[in-house]
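Trainee: We have chain A already, so just place chain B on it with the hints.
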Amino acid sequence: MIEFKHLSKNYQKKKVLKDISLSIQAGKRTAVLGPNGSGKTTLIKTLLGLVIPTNGEILYKGSTVSKKWSYRENISYLPQITNFPDNLMVKELLKMINDLRGGTAAYQQLIERFGVDNFLNERIRNLSGGMVQKVNLILTFGFDSDLYILDEPSNGLDPTALIKLKELIFDLSGKGKSFLFTTHILPLVEQLADEIIFLLEGEIIFQGSISTLKENHQTNFEQAIVQLLQQSDKFRGGNPAQQQKIS
Amino acid sequence: MLKVLKYSFFDLLRSRWTYLYFLFFLVSAATLLYLSSGTSVAVISMMNLEIILIPLVSIMFGTIYYYQNADFNKLLLSLPIKRSKVFLGQYLGIVASLGFSFVLGISIPFIVYGIFYTSYWDDFLYLLIVGVILTTIFLSLSFLIGVNNTNKMKGFGLSILTWLMLAVIYDGIVLFVLFLMEQYPLEKITLILTILNPIDLGRTFIMLQSDQAALLGFTGAVFRNFFGTKTGISVISFVSLLWVGIPLYYNIKKFKMKDF
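Residue numbers (my numbering), protein chains in the order written: chain A, 70 to 316; chain B, 9 to 268.
It should be emphasised that the hints constitute simulated quantities derived from the structure, not laboratory data.
Bear in mind that the values here come from a model prediction, so they are computed numbers and not experimental data.
Glycine included, each C-beta is placed from N, C-alpha and C at the ideal position.
There's no promise every hint is true.
[Claimed, not checked] With a Cα cut of at most 27 Å, we get these calculated DSSO-like pairs of lysine-lysine:
(1) A:137 - A:97
(2) B:14 - B:90
(3) A:84 - A:74
(4) A:137 - B:264
(5) A:83 - B:264
(6) B:262 - A:136
(7) B:196 - B:238
(8) A:87 - B:14
(9) B:238 - A:137
(10) B:266 - A:82
(11) B:93 - B:160
(12) A:136 - B:238
[What the hints assert, rightly or not] Computed footprint of chain A on chain B; a stretch qualifies when at least three of its residues, placed anywhere within it, have a C-beta under 8 Å from a C-beta of chain A:
(13) 10-22
(14) 82-91
(15) 259-268
[Said to hold, decoys possible] One-sided excerpt, in silico: chain B residues whose CB lies under 10 Å from chain A:
(16) 76
(17) 77
(18) 78
(19) 79
So that you can see chain A by itself, here it is in the shape it has in the complex (with noise of 0.2 Å):
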């Protein structure tokens, strides 16, 4: 479904992304972890057109995203930190976005799953983070897409709102739909993910399942991904060929 080919992302001198080759496949719940800085977001961005790369392509469904737009149409996006403008009210919000989207959104139904019926004539400014959290997960999964991406989907949310929030991407993933998320919550990844690739300073050093890496590793989940990270440190400033070995 998605493929990454030889891409790399240049931040003036700092490189972010270095010549990552990968493919994503279809109907999967693909978690995308590393340390902070690894490049973890700005992969994400580059599929979403939203960082463009230095180097390499990037093909969804088989065609190239560079400069093109109409693809967004089958992917819902959820950022990381979202200012929404100040001055609009939740269902104000909800309305421009479903406006800008064609009008093809379902929001009732997660209004009532995340509680947010009695928020929608707030301003957005006097909202929580968890709040303004509900609200973002509502434009992300009120329009029907084959690909979530979503970026630290948890963030903020109460114990309640994560269930429930667990409980759709079950629901969704039923359907075949994809998932592509980023998340520092171990426990969660172990719970959602079928498939996990791990970052570190720009470079995936695991791509597989978590039943491998624990086969790998002889360990629990959380464990393995430390001797991960020690591993690499070990090699780090070595031969990248070496790196690769790890995966």
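Mentor: Just chain B now, kept in the frame of chain A:
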């Protein structure tokens, strides 16, 4: 694009800054009209006020708005919309809302005063036109600063500096140049220097139109003699268009290549 424009416009219309801006023009136009010794004096005072204040407010407000929207842009640009349409929609949205506050703010007192029953009604229209043009130009410049600087503080600094340069320091430089070149014919230089500054352009436009060229002194006389009023106006209009168009063209080009 129209949808983005519509929402930026309505979002901004509810900002208290837009109200303050509207109220400021309402109160100052009313005060000038009713407390000045004559209508022509009120028009000239209003002009002096607007050619200083509109650039300042537009460039600052535009820069603030651009940075404030930077996060939301990440969401907008992830939607199936062309980048250039997002940019133009937001730009025209802020032009529309600031322009609207200004036009409404000075129109109410002028119309209530009965400007259309005096011989100064055309001067009033020129005040409106110049105000809107200055709004458009300085918002375009503010977006230029925003697009080119991710650092907000640097952006705000540049905005203030740009305004200070064009509104205050520039006149000093012009005087200095004219003083240095006293022995030479100064018509062409004065002309070029005027065209290079949108605030001077606005001032000249109103002066030429309102038969008050004498107040402009040397520049007004040069413009009159050199172009005759109609040609002068065409040149000013054309150059104003360039002042809006060039930064805007560059902005869109840069915005398309920018990382968010």
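Trainee: Compare the structure with each hint and give your call.
Mentor: Evaluated hints:
Between residue 137 of chain A and residue 97 of chain A the alpha-carbon distance is near 24 Å, which keeps this suggested pair within the 27 Å criterion. With a CA separation close to 16 Å, the supplied pair residue 14 of chain B and residue 90 of chain B stays within the 27 Å bound. For the hint pairing residue 84 of chain A with residue 74 of chain A, the CA-to-CA distance comes to about 16 Å; that is within 27 Å, so the pair holds. Straight-line distance between C-alpha atoms of residue 137 of chain A and residue 264 of chain B comes to about 11 Å, which keeps the hinted pair within the 27 Å bound.
As the CA atoms of residue 83 of chain A and residue 264 of chain B are separated by approximately 22 Å, the hinted pair is consistent with the 27 Å bound. The hinted pair formed by residue 262 of chain B and residue 136 of chain A meets the criterion: a straight-line CA distance of about 14 Å does not exceed 27 Å. Annotation: proposed proximity of residue 196 of chain B to residue 238 of chain B holds, straight-line Cα distance about 18 Å (limit 27 Å). Between residue 87 of chain A and residue 14 of chain B the alpha-carbon distance is near 41 Å, which puts this suggested pair outside the 27 Å criterion.
Of the pairs offered as hints, the one joining residue 238 of chain B and residue 137 of chain A is violated, with about 46 Å between alpha carbons and a cut-off of 27 Å exceeded. Between residue 266 of chain B and residue 82 of chain A the CA atoms are separated by roughly 16 Å; this keeps the pair inside 27 Å, and the hint holds. For the given pair, residue 93 of chain B sits about 24 Å from residue 160 of chain B by alpha-carbon distance, which is consistent with the 27 Å threshold. Straight-line distance between C-alpha atoms of residue 136 of chain A and residue 238 of chain B comes to about 45 Å, which puts the hinted pair past the 27 Å bound.
Counting residues of the segment 10-22 of chain B whose beta-carbon sits less than 8 Å from any beta-carbon of chain A gives 8, enough to reach three: the coverage restraint holds. Under a criterion of three residues with beta carbons nearer than 8 Å to beta carbons of chain A, the stated coverage of the segment 82-91 of chain B is upheld, 10 such residues being counted. Here's how the segment 259-268 of chain B fares: 4 of its residues keep a CB closer than 8 Å to some CB of chain A, so the rule of at least three is met and the hint holds. The criterion of a C-beta within 10 Å of any C-beta in chain A is met by residue 76 of chain B, whose closest approach is roughly 7 Å, and the hint holds.
Here the hint on residue 77 of chain B is kept, as its CB sits about 7 Å from the closest CB of chain A, short of 10 Å. At a threshold of 10 Å, the smallest CB-CB gap from residue 78 of chain B to chain A is about 8 Å, leaving the interface hint in force. At its closest, the beta carbon of residue 79 of chain B sits 4 Å from a beta carbon of chain A; the interface hint therefore holds under the 10 Å criterion.
Checked against the numbered hints given earlier, the structure breaks hints 8, 9 and 12 and satisfies all the rest.
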